[in-house]
Each structure stands twice: as structure tokens, then as C-alpha cells.
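Taking the hints into account, I'd like the entire structure generated from these sequences.
Each residue of the sequence shown is one higher than the last, beginning at 98 in the working numbering.
Distance ranges between label pairs, derived from CB positions: (1) Glu-225 to Leu-151: 39 to 47 Å; (2) Tyr-192 to His-260: 39 to 47 Å; (3) Ser-187 to Ser-246: 32 to 40 Å; (4) Tyr-192 to Arg-156: 44 to 52 Å; (5) Gln-153 to Asn-191: 47 to 55 Å; (6) Arg-156 to Ser-184: 33 to 41 Å.
List time: in silico EDC-like cross-link candidates among lysine to aspartate or glutamate, alpha-carbon distance up to 16 Å: (7) Lys-214 to Asp-164; (8) Lys-247 to Asp-159; (9) Lys-227 to Asp-239; (10) Lys-224 to Asp-287; (11) Lys-214 to Glu-293; (12) Lys-214 to Asp-295; (13) Lys-214 to Asp-159; (14) Lys-283 to Glu-189.
These are computed hints drawn from the structure, not numbers from a lab. Positions of the beta carbon are idealized from the N, C-alpha and C atoms, including for glycine.
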Amino acid sequence: MKRRKRGKQTLKRKMLSILLLCAMSCILAVVIVSYMTIRMIRNDSIQENMQIYLEQITREMDSDYYDMIGIVNQMSPNGLIGSVTESYLSVEDNYDRYFEQKSLREELIKLGYVNTKLLGIAYYDPKEQKELIGNFNVRVLDPSYQTISKVVVSAENIIQAMHTSYLGIRETPVLSVMRRVSFGNKRVLDIYAEIEPDMSVSDRLNKEK
98 MKRRKRGKQT
108 LKRKMLSILL
118 LCAMSCILAV
128 VIVSYMTIRM
138 IRNDSIQENM
148 QIYLEQITRE
158 MDSDYYDMIG
168 IVNQMSPNGL
178 IGSVTESYLS
188 VEDNYDRYFE
198 QKSLREELIK
208 LGYVNTKLLG
218 IAYYDPKEQK
228 ELIGNFNVRV
238 LDPSYQTISK
248 VVVSAENIIQ
258 AMHTSYLGIR
268 ETPVLSVMRR
278 VSFGNKRVLD
288 IYAEIEPDMS
298 VSDRLNKEK
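Here's what the structure looks like:
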């Protein structure tokens, strides 16, 4: 009788052990599946956020380039500021030239008030290798701006790749547009404009990674 009872107890223990092992296996499987599901959802969320951020960065960069093209248009011979530049270049009398230069400098300063992201603008004479209006920006424009990688060349505008500033603080990342124009007195000048892009979206994108 005792042997039978012991046999039954041993069988029960084995059955309980098997059931417990099965239960633990099921729980472990559920935990693994849940973890993988959460991870997949998180990865999908990160990818979705990255796509949103990239689209936002593209829109903002496009907007910055359009703003600079608008500025370059104003500084071109047919633009509002370009007409002031034309007057300055055509004046021979030093007294009148002083006031024309003052007027041109004021018009260029106004551009910075209208567009707060504008980091610097310049008329540059590639032949004489100097700026038309000196002491206007934080730094004197280096002629190597002409070697910056080109993204697009369209309607005389040279849209340049992102690079460190040539007019502001050297380490500042900027976007730039350049255009070579000829004024009425046959003076050939490069118009160069820099905008500091909003890097906050890019910083958030790096954190997501």
C-alpha cells in the first residue's frame, strides 16, 4: 500500500513539474513575443519620426534657399538694391559717391532686419579680389567661396552645399547662394548670401538615432 501511495505521489510530482515547466515556457514565450512586439513598434515609431524630421529639414532648407534667391534677386541690377548699387557704381564725384555708398550700406543692413536668419551678404569683385562694400560682415569674404560644392545651377543662381561660414563665425554651418552679375558700367560682381539653417530638427533626429 505504501509503495502504491509513494508511486502516486511521485507521479503527481512529475505531472506538477511538467505542468509548471509548460507554464513557465508559456510565460517566457509571452514575454519574448511582447518584447519583440514592443521593439518592433518602437523601431517603427523611430523610423516614422525620422521620416517626419527629414521631410521637415528638407522643407526648411528649401525655404532658406528660396529666401536667399529672393535676396540675390534684390541685389541684382534689376532689383531694388541693385538699382542703388548701380547708382553708386556710376557716380564719379567722391562727395556724391560717399552718400551713395552710405545709402547702399543702409539698404543692405535692412535685408538683415527683414530676414533674421541671414548671416551675411556681399558684393565681391572677382577681378580685384575684394568686397565692393568693406567692413560690412563679421569676416571679409575669402575668394575660395567660389570653390564651394554646387548643388544646383539654375537661372544664373549657384546653390551651394552646406558648409562652414565665410562671412560669420567660422564654425557656423550655413547654406549659401551665389550669382555673377554685370552692372551698367560693365563692372562684374559676385553676389554672395549666407543663411544659418535651423539645426534644432537635425539635433532631434540625432537623438532619435
